[in-house]
Amino acid sequence: MGNPLMATLTTPSELAQRRPVFRAGGRFDRLVPILTVVLAILVLWYVFAVILNAPGEIDRAERVGHPLSFTQTITATMDARRPVLPAPHQVVAELWKTTVATPVTSKRSLIYHAGVTLSSTLLGFALGTALGILLAIGIVHSKALDKSLMPWIITSQTIPIIALAPMVIVVLNAIDITGLLPKALISMYLAFFPVAVGMVKGLRSPEIMHLDLMHTYSASRAQTFWKLRGPSAVPFLFTSMKVAIAIALVGAIVAELPTGAVAGLGARLLAGSYYGQTVQIWSALIMASICAALLVVIVDAVGKVVTRRMGVQP
Amino acid sequence: MNVGILVAALAFWIAAWAVNIALLRARPEGGALARVIDLVVPLLFGAALLALWEGLVRGFDVPPVLLPPPSMIWERIVTSTGTLWADFRQTFLKAVLAGFALGCGSGFLVAILVDRVGFLRRGMLPVANLMAALPIVGVAPIMVMWFGFDWQSKAAVVLVMTFFPMLVNTVAGLEVAGRMERDLMDTYASGYWQALLKLRLPAAMPFVFNALKINSTLALIGAIVAEFFGTPIVGMGFRISTEVGRMNIDMVWAEIFVAALAGSAFYGVLALIERGVTFWHPSYRR
Numbered sequence: 202m203g204n205p206l207m208a209t210l211t212t213p214s215e216l217a218q219r220r221p222v223f224r225a226g227g228r229f230d231r232l233v234p235i236l237t238v239v240l241a242i243l244v245l246w247y248v249f250a251v252i253l254n255a256p257g258e259i260d261r262a263e264r265v266g267h268p269l270s271f272t273q274t275i276t277a278t279m280d281a282r283r284p285v286l287p288a289p290h291q292v293v294a295e296l297w298k299t300t301v302a303t304p305v306t307s308k309r310s311l312i313y314h315a316g317v318t319l320s321s322t323l324l325g326f327a328l329g330t331a332l333g334i335l336l337a338i339g340i341v342h343s344k345a346l347d348k349s350l351m352p353w354i355i356t357s358q359t360i361p362i363i364a365l366a367p368m369v370i371v372v373l374n375a376i377d378i379t380g381l382l383p384k385a386l387i388s389m390y391l392a393f394f395p396v397a398v399g400m401v402k403g404l405r406s407p408e409i410m411h412l413d414l415m416h417t418y419s420a421s422r423a424q425t426f427w428k429l430r431g432p433s434a435v436p437f438l439f440t441s442m443k444v445a446i447a448i449a450l451v452g453a454i455v456a457e458l459p460t461g462a463v464a465g466l467g468a469r470l471l472a473g474s475y476y477g478q479t480v481q482i483w484s485a486l487i488m489a490s491i492c493a494a495l496l497v498v499i500v501d502a503v504g505k506v507v508t509r510r511m512g513v514q515p
Numbered sequence: 055m056n057v058g059i060l061v062a063a064l065a066f067w068i069a070a071w072a073v074n075i076a077l078l079r080a081r082p083e084g085g086a087l088a089r090v091i092d093l094v095v096p097l098l099f100g101a102a103l104l105a106l107w108e109g110l111v112r113g114f115d116v117p118p119v120l121l122p123p124p125s126m127i128w129e130r131i132v133t134s135t136g137t138l139w140a141d142f143r144q145t146f147l148k149a150v151l152a153g154f155a156l157g158c159g160s161g162f163l164v165a166i167l168v169d170r171v172g173f174l175r176r177g178m179l180p181v182a183n184l185m186a187a188l189p190i191v192g193v194a195p196i197m198v199m200w201f202g203f204d205w206q207s208k209a210a211v212v213l214v215m216t217f218f219p220m221l222v223n224t225v226a227g228l229e230v231a232g233r234m235e236r237d238l239m240d241t242y243a244s245g246y247w248q249a250l251l252k253l254r255l256p257a258a259m260p261f262v263f264n265a266l267k268i269n270s271t272l273a274l275i276g277a278i279v280a281e282f283f284g285t286p287i288v289g290m291g292f293r294i295s296t297e298v299g300r301m302n303i304d305m306v307w308a309e310i311f312v313a314a315l316a317g318s319a320f321y322g323v324l325a326l327i328e329r330g331v332t333f334w335h336p337s338y339r340r
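From first to last, the protein sequence lines are chains R and V.
Residues in the first sequence are numbered from 202 upward in steps of one, following our numbering.
Residues in the second sequence are numbered from 55 upward in steps of one, following our numbering.
For the record, the hints were derived by calculation from the structure and aren't laboratory data.
Predicted, not measured: the structure shown is a model, and the values here were computed from it.
Hints are all accurate, no fakes.
Coverage of chain V stretches by chain R, computed from C-beta distances (three or more under 8 Å per stretch; other residues unrestricted):
1) 71-83
2) 94-103
3) 118-128
4) 184-195
5) 269-278
6) 285-296
7) 300-309
Derived pair list, reagent style BS3-like, types lysine-lysine, alpha-carbon separation capped at 30 Å:
8) K148(V) - K267(V)
9) K443(R) - K344(R)
10) K505(R) - K428(R)
11) K443(R) - K267(V)
12) K267(V) - K402(R)
13) K402(R) - K428(R)
14) K344(R) - K402(R)
15) K443(R) - K402(R)
16) K344(R) - K267(V)
Computed spacing ranges between beta-carbons, pair by pair:
17) A140(V) - R283(R): 33 to 43 Å
18) A464(R) - G245(V): 57 to 67 Å
19) V90(V) - H342(R): 19 to 29 Å
20) R300(V) - A241(R): 46 to 56 Å
Glycine residues also receive a C-beta, built at the ideal position from the N, C-alpha and C atoms.
Next up, chain R with everything else stripped away, as it sits in the complex (with noise of 0.2 Å):
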């Protein structure tokens, strides 16, 4: 682009390319705007939980017969009992109050309801992917199997599957299957949809090239699997096992609503709402969301690794 004559022909969109929006720092010009943002959530949950829980406050003080100034009501929604909006130091303490200052095996430590969900997860997305690859290789393999199978399949992501997890944990309960089974089973349903769905897909992408350079081969079906379509399916499936595990999650904790199941983070959901508790709510959902994102940074971890063992360039 040194020609003087090629800079008249630069059009202002590559000129805004060619502008150095990252240079050396560049990690720091992506952080700032992210806690730019954080921060204003933040913010902007401390003035909502002054705002909601004021009329509160101000209402129990009058009642006792001590109004209270502008600044004793401010300080009193940041510690109200049972606040509408709990402030995110309340929620903070009582995560740290159940997480470290007890110990796991206590039924009042999210770390052990955390643990009850997870491993209904887990093994929900575990079954879950088994199924939906499964189920891939088959539609795959067989025309009279796609033809048929996969509208269902598609159709079925339509529907709101969740309205049948009550009915599988009490029917389930009912022929004396309990515990992680039921749960996990709702999981699965969920989780392998996406799988099945983004394996049928990575199955299917290796070029014609490919598969008919095998054919000259005269590979197997089975060495066309092994050798050509699974290794080509991998990164699909590693992005559907981010789907999959994070709505595994969101099946686990459903699954425990209607049972009025004792232990999880549902449960603790589920409790919190019946009592009136907002802060244990909040720190159950804030516990959750911990735990998609971890499940889900560890798929995306474990699928790097995996892809570039494989050669995958990234």
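Put chain V on the given structure of chain R with help from the hints.
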């Protein structure tokens, strides 16, 4: 055990499978006949599945409390249309539609704002991407506490659930308009709004509809799950959780049938509108 029914169901299943394979062998490439076959095959498969269900349940004398046969569910649907309609109106027509419209609408508007301000885009997108992966259904108890038992709290849950997918997808969609097209708009001396309305928004439509379609399922899930946390005595989620408690499993299946029908119809309508709006997209070109 009733062997006759079992054998009949299995025979129907095998016959349907054989017919399907024969149909697929005879299927020409393209043309009207191929399309008819593509429609008949999954329908026949579904019918065979129902027949197998009916046959297994009746053949092995499975108690209806565990799994009612399809014929019994259908009977229940026909005899309790009044209740089903009331639940549908409460959950779908009020909570889902209101929440869906508000969530998708606000997600769309915020996306345009975020797209306009580069700083916001760099800050909001990672956060929104994270939020889209979180179990947002969990806000249901909070919303029920804030907005009461009626449909407003369910609409609020739906709003929160549908907001982030819409935001993320629309922002991604607004970036797809190519450099050439944008430069062309520049040479026409078109302003930001003209380029937005005439080029970038139309180009973003496939992404917007993708979000709408994802959200159509999420919205139903959100509304039904939120009803598990408290409702007036009407609504699909309420009916499911109470009838499960009373072991009226056929009513639960009837409710699931309505939910499935509503979900598929909602999705279908969106897909039809998409076809009309994004007729230029390669996936619809013949």
